[in-house]
Amino acid sequence: MKKACAQAIAVASICIAFLATLAMAQTGGELRFCLRMEPKTFDPLKVEDEASVQVRYLTGGTLVRINRQTQELEPELALAWKVSKDGRQISFRLRSGISFSDGTPFSATDVAYTMQQLMDPALHSPTGDAFRSGTGSVETKIVSPTQISITFPAPVAGLDRLFDQVAILSQHSPKRELAVLGPFMLADYKPGASVLLKKNPNYWKTDEEGRKLPYLDSIRLDIQPNRDVEMLRFKRGELDLINSLDSEYFDKLAATSPQVAHDAGPSLDSEQLWFNEVARAPIPDSKKAWFRSTNFRLAISDAINREDLSRIVFHRHAQPAAGPFSPANKFWFNSKLTPPAYDSNAALKMLQGEGFRLENGTLKDKSGNAVVFSIITNAGSKIRERMAVLIQDDLQKIGIHVNVVTLDFPSLIERMTQSFDYEAIILGLTNVDLDPNGEMNVWLSSSENHQWNPQQKTPETAWEAEVDRLMRVQASSVDPKKRKEAFDRVQEIVVEQEPFIFLINKNSLSAVSTRVHGAVPVILSPQTFWNAERLTVAGQ
Amino acid sequence: MNLWQKLASALLAGVLCAAATASWLAPRGYAGQDREAISEPPSRAHWLGTDELGRDRFARVLYGTRISLLLAPAAALLSTLMAAVIGGLAGYLGGTWARMAMAVTDLFLSLPWLFLLITARALMPLNVSPLFSVVVTFLLLGLLGWTTAARVLCASAASLRSADFVRQARAVGVSGQRLFWIHVLPNLKPVLFAQFWISIPVFILSEANLGILGLGVAEPMPSWGSLLKELEGLVSVGEEPWKFVPLALLVLVVMSFQSLLARQEEMTA
Numbered sequence: 001m002k003k004a005c006a007q008a009i010a011v012a013s014i015c016i017a018f019l020a021t022l023a024m025a026q027t028g029g030e031l032r033f034c035l036r037m038e039p040k041t042f043d044p045l046k047v048e049d050e051a052s053v054q055v056r057y058l059t060g061g062t063l064v065r066i067n068r069q070t071q072e073l074e075p076e077l078a079l080a081w082k083v084s085k086d087g088r089q090i091s092f093r094l095r096s097g098i099s100f101s102d103g104t105p106f107s108a109t110d111v112a113y114t115m116q117q118l119m120d121p122a123l124h125s126p127t128g129d130a131f132r133s134g135t136g137s138v139e140t141k142i143v144s145p146t147q148i149s150i151t152f153p154a155p156v157a158g159l160d161r162l163f164d165q166v167a168i169l170s171q172h173s174p175k176r177e178l179a180v181l182g183p184f185m186l187a188d189y190k191p192g193a194s195v196l197l198k199k200n201p202n203y204w205k206t207d208e209e210g211r212k213l214p215y216l217d218s219i220r221l222d223i224q225p226n227r228d229v230e231m232l233r234f235k236r237g238e239l240d241l242i243n244s245l246d247s248e249y250f251d252k253l254a255a256t257s258p259q260v261a262h263d264a265g266p267s268l269d270s271e272q273l274w275f276n277e278v279a280r281a282p283i284p285d286s287k288k289a290w291f292r293s294t295n296f297r298l299a300i301s302d303a304i305n306r307e308d309l310s311r312i313v314f315h316r317h318a319q320p321a322a323g324p325f326s327p328a329n330k331f332w333f334n335s336k337l338t339p340p341a342y343d344s345n346a347a348l349k350m351l352q353g354e355g356f357r358l359e360n361g362t363l364k365d366k367s368g369n370a371v372v373f374s375i376i377t378n379a380g381s382k383i384r385e386r387m388a389v390l391i392q393d394d395l396q397k398i399g400i401h402v403n404v405v406t407l408d409f410p411s412l413i414e415r416m417t418q419s420f421d422y423e424a425i426i427l428g429l430t431n432v433d434l435d436p437n438g439e440m441n442v443w444l445s446s447s448e449n450h451q452w453n454p455q456q457k458t459p460e461t462a463w464e465a466e467v468d469r470l471m472r473v474q475a476s477s478v479d480p481k482k483r484k485e486a487f488d489r490v491q492e493i494v495v496e497q498e499p500f501i502f503l504i505n506k507n508s509l510s511a512v513s514t515r516v517h518g519a520v521p522v523i524l525s526p527q528t529f530w531n532a533e534r535l536t537v538a539g540q
Numbered sequence: 001m002n003l004w005q006k007l008a009s010a011l012l013a014g015v016l017c018a019a020a021t022a023s024w025l026a027p028r029g030y031a032g033q034d035r036e037a038i039s040e041p042p043s044r045a046h047w048l049g050t051d052e053l054g055r056d057r058f059a060r061v062l063y064g065t066r067i068s069l070l071l072a073p074a075a076a077l078l079s080t081l082m083a084a085v086i087g088g089l090a091g092y093l094g095g096t097w098a099r100m101a102m103a104v105t106d107l108f109l110s111l112p113w114l115f116l117l118i119t120a121r122a123l124m125p126l127n128v129s130p131l132f133s134v135v136v137t138f139l140l141l142g143l144l145g146w147t148t149a150a151r152v153l154c155a156s157a158a159s160l161r162s163a164d165f166v167r168q169a170r171a172v173g174v175s176g177q178r179l180f181w182i183h184v185l186p187n188l189k190p191v192l193f194a195q196f197w198i199s200i201p202v203f204i205l206s207e208a209n210l211g212i213l214g215l216g217v218a219e220p221m222p223s224w225g226s227l228l229k230e231l232e233g234l235v236s237v238g239e240e241p242w243k244f245v246p247l248a249l250l251v252l253v254v255m256s257f258q259s260l261l262a263r264q265e266e267m268t269a
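Same order as they appear, the protein sequences are chains B and Y.
Residue 1 is where the first sequence starts when you use this note's numbering, and the numbers rise one by one after that.
Residue 1 is where the second sequence starts when you use this note's numbering, and the numbers rise one by one after that.
Bear in mind the hints are in silico, worked out from the structure with no lab data behind them.
The beta carbon of each residue, even a glycine, is placed where N, CA and C say it ideally should be.
One thing to keep in mind: the hints can contain errors.
[Claimed, not checked] Stretches of chain Y that chain B covers, calculated by requiring three or more beta carbons in the stretch to come under 8 angstroms of a beta carbon on chain B:
1. 32-43
2. 217-223
[To be verified] When the alpha-carbon atoms are kept at most 27 angstroms apart in a straight line, the in silico BS3-like pairs for lysine-lysine are as follows:
3. Y:Lys229 x B:Lys382
4. B:Lys40 x B:Lys190
5. Y:Lys229 x B:Lys252
6. B:Lys235 x Y:Lys229
7. B:Lys235 x B:Lys46
8. B:Lys40 x B:Lys252
9. B:Lys82 x B:Lys141
10. B:Lys397 x B:Lys349
11. B:Lys382 x B:Lys235
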């Protein structure tokens, strides 16, 4: 009898311990990974750079959220929504009983306030650009504390999906943008070192079993531009994931620890080269003439061996790019487009047709100026440095001398956006959304991110005027077929004119430690922590 | 000369000869990309293998040796001379002059060099030839690298001010200027030489780090510093020992120079 009791107690104790362990594994812990650069801002409406976008994703509460795995739109702070037939109005029914992280109640007035700030022309919100479909102001109508309708001056295509990027601000909180509705809130920020996010005690979401989310206690984001250091720290167990991994390290990781290396296939991201076409740029007029010549850009594009870029720089974890959208974007990609074939002879012929000539191995323009220009890219990015050196070698074959200059990122951005003191740049586009509306701030000639010639008062070329028109057509239509036609034509024009010389679309490569449970790497950003609220970290 | 010094001389001679005949020893040059032979181990075609862009590492080591052996010592010479004049004079003159000179030195030491170099990069045109970028890089290093040596030389010169031979020279009427240039400065030679040799590897490594600011040797031109950057990645000595050749070369060359410096000091003594 006594023996039976003892056995029963032992079994019960084991069961309790097991269940406790399970419970512990499901909650708590700190997730650690790196931001590649200093976040420029914590104001969700001003966010533009990747680091700030990532922080916003983790802290911002949105009305709706694109599920990064299924790519379907799901309710968040909004229980339901409806877009009017003409695409000009969207009505939301909001959840009740929700508070910001500082306890300030959330209601429709906060949504109205956020929209007002977002569309304020003085703020120049990059997120707001995606909503601009025509002239006139945006009107909000608060029907009740949990109901609001927002009316735009013109139809906005894919209107509901755009709200995935809009983090709701509190109108009343004294903490301003630091009062958040997302799963995590900013707890500490050490410039140059780290960002610490702690779980939002007032986060509204629970899991299927009624447990409060997020499971994690905190997320520590170390600011680490050096990918070698990031990799070493991951291997040592100091980091739990690498959201975006270089192909070189992916192969090394996959060789030794295949279970932590994830290749989710072609991503939406691209790497491109573009020339400075800003009229007031402080570069010689002869160079401005080259860069503003479509045939010059097309020739350069033909002279670049994209297969080699994919094979040598990305170890075949990338594909030559056909145009502005990756084939991974199955609906929106224009399938008629193919990557330009490498043909240096054709490139030289095209340049000769423009009056360039090859003299003693050096290409010269009509006026006898040797074709020499610099390509700048951000220092520390081995991928881009290598691409630049390969392109330097490719262009040397047709007599063009390229100087490769790597700059610290702030200096590069300053030249690109303020002084326009550059000639050519290699950088990448990180695409967050499948919908082309997410790139309105790139393709509209008046936009800040129209990188080769931003903020034009009126389009300087006929083709840019046409792209503006087509982008507005697709943005103002709710018919997917009509939108697709318009955007297909945008892609064709971009390929015909090559303001961006699209180089490659890289695969989505990431690393996730086996300590992390619940991670499902996908192609949409943020690839590894898109479901951060449901992640757990064991062994802490 | 002992055995080590003979070996050091032979090594230096060999390295200098190899660097001088780089175009003959490595006719493909440092920029040629063999795109079918990426990151290859050593072979008959590529004695030290190839880098991540298919460039012959042996050629890059040879040409990089030329750049680094020519310009790092030039920068070290510039910084040492500046330190000799500023620090040496300050120590010799003493008093207010020494305090002013050391204040300037302290100011230079306390300046945020990173931001100054970023500014320097901002002022420089983007289209400079790799050779120009090399010269500018080492010139900047030379102009900025005198401060630590200046303090050492100031202290050394100050100690010589009250030396017997200096007093004797003063007593027989040797002028201040002549006293400094003919009597004091030559006696600072051991310190000067030491500072000079210490500076060379420092400048080689600094050049590599300046690459992150867009300064440094521009691609595709190699230097020891840019070759050492290959070791920043996850490189294992056991798996890819050929990548450590530039590092080994740097260590051996610097040790050889220092061995010969010791020989020279023996001869002087």
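Going down the list of hints, with the structure as the test:
1. Counting residues of the region 32-43 of chain Y whose beta carbon lies closer than 8 angstroms to any beta carbon of chain B gives 3, which meets the minimum of three for the stated coverage.
2. Only when three residues or more bring their CB closer than 8 angstroms to a CB of chain B does the claim for the region 217-223 of chain Y stand; here the count is 3, and the claim holds.
3. The straight-line distance between the Cα atoms of Y:Lys229 and B:Lys382 is roughly 11 angstroms, inside the 27 angstroms bound, and the hint therefore holds.
4. A threshold of 27 angstroms between alpha carbons decides the hint, and for B:Lys40 with B:Lys190 the separation of about 13 angstroms falls inside it, so the pair holds.
5. The straight-line distance between the Cα atoms of Y:Lys229 and B:Lys252 is roughly 19 angstroms, inside the 27 angstroms bound, and the hint therefore holds.
6. Simply put, B:Lys235 and Y:Lys229 have alpha-carbon atoms about 21 angstroms apart, close enough for the 27 angstroms limit, and the pair holds.
7. Distance hint between B:Lys235 and B:Lys46 is unfulfilled; the C-alpha atoms sit about 35 angstroms from each other, more than 27 angstroms.
8. A threshold of 27 angstroms between alpha carbons decides the hint, and for B:Lys40 with B:Lys252 the separation of about 32 angstroms lies outside it, so the pair is violated.
9. A threshold of 27 angstroms between alpha carbons decides the hint, and for B:Lys82 with B:Lys141 the separation of about 14 angstroms falls inside it, so the pair holds.
10. Restraint check for B:Lys397 and B:Lys349: the C-alpha separation of about 13 angstroms stays at or below 27 angstroms, so the hint holds.
11. Of the supplied pair hints, the one linking B:Lys382 and B:Lys235 holds, its CA atoms being roughly 20 angstroms apart against a limit of 27 angstroms.
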